[in-house]
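Which chain is which? The protein sequence lines are A, B and C, in order.
Just so we're aligned, residue 45 is where the first sequence starts under this note's numbering, counting upward by one.
Just so we're aligned, residue 41 is where the second sequence starts under this note's numbering, counting upward by one.
Just so we're aligned, residue 22 is where the third sequence starts under this note's numbering, counting upward by one.
No wet-lab data here; the hints were simulated from the structure.
Worth double-checking, as some hints may not be accurate.
[Claimed, not checked] Here are the simulated DSS-like cross-link-like pairs (lysine-lysine), alpha carbons at most 25 angstroms apart as the crow flies: (1) B:K339 - B:K392; (2) B:K188 - A:K124; (3) B:K392 - B:K235; (4) B:K214 - A:K124; (5) B:K188 - B:K214; (6) B:K214 - B:K392.
[As the list claims (entries may be wrong)] Per label pair, the in silico range of CB-to-CB distance: (7) B:T378 - A:W180: 41 to 47 angstroms; (8) A:V135 - C:T114: 35 to 41 angstroms; (9) B:S306 - A:E319: 50 to 56 angstroms; (10) A:V135 - C:L279: 55 to 61 angstroms; (11) A:E319 - B:G427: 41 to 47 angstroms.
Yeah, the Cβ is synthetic: ideal placement off N, Cα and C, and Gly gets one too.
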Amino acid sequence: MNVGLMMERQRVPLAIAGALAIVPLLTRDDYTLGVWTFILLNVLVVVGLDLLLGYAGQLSLGHGAFVAVGAYVSALLTTKAGWSGWGAMPVGMLAAAVLAGVIAVPTLRLRGYYLAMATLGFPILFDAVIRVGSSWSGGSSGVTAIPGLMVKGVPLRDPAMYYWLVLGVVTIVLLLAWNIANSRLGLKLRAIHADETAALARGIPVVRVKVMVFVLSAAIAALSGSLYVHNVQFVAAGTFGLQYSLMLVVMLVAGGMGRIWGGVAGVVVLGWLPELLRGFATWQPVIFGSLLVAIMLFSPSGLAGLARRRTAFLPGKARSGMTAEAVPVHPQPLAGGDVLRVSDLRKRFGGVTALSGLNFAVQAGQIQSIIGPNGAGKSTALALISGALLSDAGTISINGLPCAELTADRRALAGLGRTFQHARLIPTLTVFENIVLGASSRAMPRLRSEALATAVLDRLDLRDAAQRFPDEINHYQRRLTEIGIALALEPRVLLLDEPGAGLSASETDVLGQLLRELRSSGTAIVLVDHIMALVIPLSDRMLVLDGGVQIADARPAEVLADARVRTAYLGQGAEHA
Amino acid sequence: MYRTSHLTRRLGLRLLAACGLAAALVAPAAAQGSAPYRIGALLDVTGGASFLGKPEQNAVVLAIEQVNAAGGIRGRKVELVFEDAKSTETDSVLGARKLITQANVAALIGTSRTGGAMAILPIASEAGVPMLAPVSGVAVVEPVAQRKWIFRPGQGGDLSVGKVIDYARRAGWKKLGVLYSADAYGEDGRDNMRKLAPAAGVTIAREESFPSAATDLKSQLTKLSAAGVDAIFMHGLGAPSVIVYRNARELAIKPPIISGHGQANSAFRTAVGDAVVGQPIVGAPVLIWNELPTAHPQKRVSAAFVDAYTKRYGSAPDMFAGVAYDAAQMVLQAIRETEGERAQIRDWLETKVKNFVGVTGVFNFSPTDHAGLKIDALVMMVATEGGWRLADYEK
Amino acid sequence: MEWLVSVPQFLAGGLAIGAVYGLIGAGFSLVYNTSRVINFAQGQVVVYGGLATVSLMGFALPAVVALPLAVAVCMLLGAALQSLLSLARKGHTELTSIMVTIGAGIALQGLAHQIWGTDYQTFQLYPEGAVRALGTSINYATLTILAVTLVMCFVLWFFLYRTLVGKAMRACAGDPRVAQTVGIRPGRMVLGAYVASAALGGLAGILVTPSLMMSAEFGVLLGIKGFTAAIVGGLTNPFGAVVGGILLGLLEGLCVGLISSDLQDAYAFIALMAVLLLRPQGLFGRVPPGSSR
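In isolation and in its complexed conformation, chain A is listed as follows (with noise of 0.2 angstroms):
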């Protein structure tokens, strides 16, 4: 591993950390450096949440429980059970883990701004245990006499060291929160953030990374609650209550949200403005909510968003004489099996049945079209074999593999890889940090799934529009994009929804050409669409659905002679062309 690259990579992070290493050089001033000390006690929350809130999109109006966890126990393990400060800390960050683990996995099942709604209540629930567990947790009145930590036998109190210890800590969070943000992991938090649909279709295990993360936010913030009671040595439930957690979100929304160092520049704003407000202090509120409202108006990426973010993922070498061959492919499908079985498949949505029994199979190196008039089915048909929608009966197998109950993400990892009739690229992702999106799912060294895009990008022919964003492409090649994404999964079984709606001819012909070159490495494809003049050419087999019900599936030329076939959908005696 190259160590130049990888200091350039961590540019950021020690920057920051750099620039905050210089305020003690500055002031010796206690009052400062203790502002200071607490704008850096914040920035570790803050940074935590960022990786929640403006990474993942989950919204948590109550992290300053997770704060006042790390702050409790620190204090109670310290004051009542004589336990050093440097050992009640991980203590603390694990207590965080698991409580939010616990609220966590109920809760980020659903959708929508239920963790926003659940989480408000945090603080007020960790009031009302700190109050009836008085006994033990000193009540209203908090915890006291919290000791220092100890260093060399001395507890630390003075002002300077205290804040480079904090600073280290900083540091060390900073890099590791800018290394998942820049990591394949930081793409699937965006992609969850922007269309859990498409993360799940793409192999991310949607609700098992949020709770990660949310873990992950809580443990940070547990251990900046320690820091803090070692510093001011007095904790009471009301210290990192309702109010501290909405400020919080103020401070990172203002700095910017998924850039990391946008939460740091919020913190330090913030944490300055009440000094420069003093004059209007009981203004305050109606200053800072105002700013609030203003920046998510005008201006919702905050102070980040004056710039523009950079990519952490950049295509390969360019390789020359690509081939067919040189596409991977998953390895090893059954040998002679049916790589994707679908038997006796039903939905229905209220009184209106959409598919009353699909039956078909599909094989390496075969491509299956599905045709029908709109409305037929096929749409429903393709949501129920890839998890999108839960089917009512019937079975799904692919490779072998029983998959009618498995969650979209797991059947992706089977091997099964879909586009949407309405290309799904997340919008705030590159095309080819998308398509390294899609090799992401399955374990593999991050130069893996990089070259993997990099081939699949090439064998598309979509490098110039590599470092762009979906909505400064063409649809063609937003199109080509969307169906690279399945292509890096390397799917053994790959499901079309009209991958040819609004190409031209030349388009459709080196997409025909493409689906060709992917049934000779073996791939199974499914292909629905509209266009003839794609679909015949192309299948071994096509299935046609009317209102739900399946009428044909055989060869294309026993299709099209098929009489049922022509009145439902050709017309009779016309051409389709």
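Since chain A is already given, all that's left is putting chains B and C on it; use the hints.
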């Protein structure tokens, strides 16, 4: 794209460094040897405790104005440096540090909340700054050996409870119910009651609590009444303390409700209306000063204070203002009788505050007692149609 | 355990505040239905309703004048908030809308502190006294609040189901694009929802202030409780929210009486968590999208 973000990040870093520089420069060098004596006041004028902090600030400002109008001390003015503790521990800590290290105050009066006082006392202790906390929390000045620099010239929760117990004893009450607010103040009252009741032969039959935004306390009252108590001791702050009396009327609760000194202020009396008439409340002389016999040590001082405060601010002061006024007066007297250095003020407070007649009571500090008051600093009052009067028990 | 017979008393204690929670919750529901936004500033509107009435009556205005004026003030607040939201640049998400309401809530609370200070304030509205019924004492305040809530429910029903504007609002809530095809302007409907929601919130504040006393501090807690009421009843159903609120009030009263008064505020959150886990659509709401995996 690459260039823009690179530049912007550089700019951001420079801004950050500039902030640090500016902040460091903003912190003024500690002024040494300047003419006025500096007293610091760290009170909660914003946030949940502002109903305490504002009157306290008024009182301290009044005291300083009075001394400066009379020519200062040895020809030097007294300067009050004020910081808002904002009802949070973090801001209390920041404010204390600011007053102690930047403004270099000789003494510190604050904070209005027990929580804030607890948070800053290590700072005051380490820096060697005498601190007077106008709060009622017992832990602020105990254990005295670890509170060398801390004084608490206010009515402690233990005094208030002690008064109630004495009243109960005289009234022949054996079983008490305790109704307390779910915060530090209320819990302090509950804990003190638990500690002091047994010695007087009074048992606590039942305890109930209420949160600060409770709208109905009939459940709690029903349970207390059903426990067969002779009286209900209420120790709490906030709106529910008003609601309790109304609810008690509606439920026709038999036992009287005797309240701690949290209710001894005009805001409460106006809000509760006549639902409280006839009920006993622990109060301070300053509230019924005109009923005090002329020989009562605090009559003169209270009359003067009430008069000056009303003239200055347009409304009569309550107990909290009185406590802060006394704290300021103590510091001023200490400066008068010493050279105004921190350690001298501390020593003076500990040794020279003997029979110090304040608005709140007659103080006696000693190396083992930094609270200085006995239960005779409080008086039992009874609510009347228009306000309060001194209870017969006192006469 | 003699007080077990006081269960009706425990329940009665929660009726009035429950109705208040319900009105606040109905407001949340109206706004969520038309715009998918959770209006975190709703709790502050409640505060303004109560405190504005205190001020107006302090100017010796009779209740008949002061109350509608206070409600009007709140409706203006609601309109102002929605206008603010409509200023948002393209590309904003529901998340940013929620943040805007959070910011507005913080600012409004600060402003309330500036205007009215931090002391508790109240005004007289209900006759003193109580009736005895079913072995409990129910004060006139409770009866009045319940009566007003009932009337408001009827008014709301009439508005939503019998007037053209109300029906248009419901159409918008169902599908804004389709509603547009028949000439309904979704922007107007959203504005109407915010105004109606603010009216309900302001009314809730007016109803609760004579009993509770009002302070700028209470906005957040009342908002959260009202929100819980809406979740319990079903965020998509304003009448469900009213029922949810009353249930929440009864639950609080019961738990305080039977379990412990220490956790009074916590019961609401335990209820919230329970509903979110077991039946996120509440009692009467529609199933939220995505929860079927």
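Hints versus structure:
{"no.": "1", "hint": "B:K339 - B:K392", "verdict": "holds (22 angstroms)"}
{"no.": "2", "hint": "B:K188 - A:K124", "verdict": "holds (23 angstroms)"}
{"no.": "3", "hint": "B:K392 - B:K235", "verdict": "violated (31 angstroms)"}
{"no.": "4", "hint": "B:K214 - A:K124", "verdict": "violated (36 angstroms)"}
{"no.": "5", "hint": "B:K188 - B:K214", "verdict": "violated (39 angstroms)"}
{"no.": "6", "hint": "B:K214 - B:K392", "verdict": "violated (41 angstroms)"}
{"no.": "7", "hint": "B:T378 - A:W180: 41 to 47 angstroms", "verdict": "holds (44 angstroms)"}
{"no.": "8", "hint": "A:V135 - C:T114: 35 to 41 angstroms", "verdict": "holds (38 angstroms)"}
{"no.": "9", "hint": "B:S306 - A:E319: 50 to 56 angstroms", "verdict": "violated (36 angstroms)"}
{"no.": "10", "hint": "A:V135 - C:L279: 55 to 61 angstroms", "verdict": "violated (35 angstroms)"}
{"no.": "11", "hint": "A:E319 - B:G427: 41 to 47 angstroms", "verdict": "holds (43 angstroms)"}
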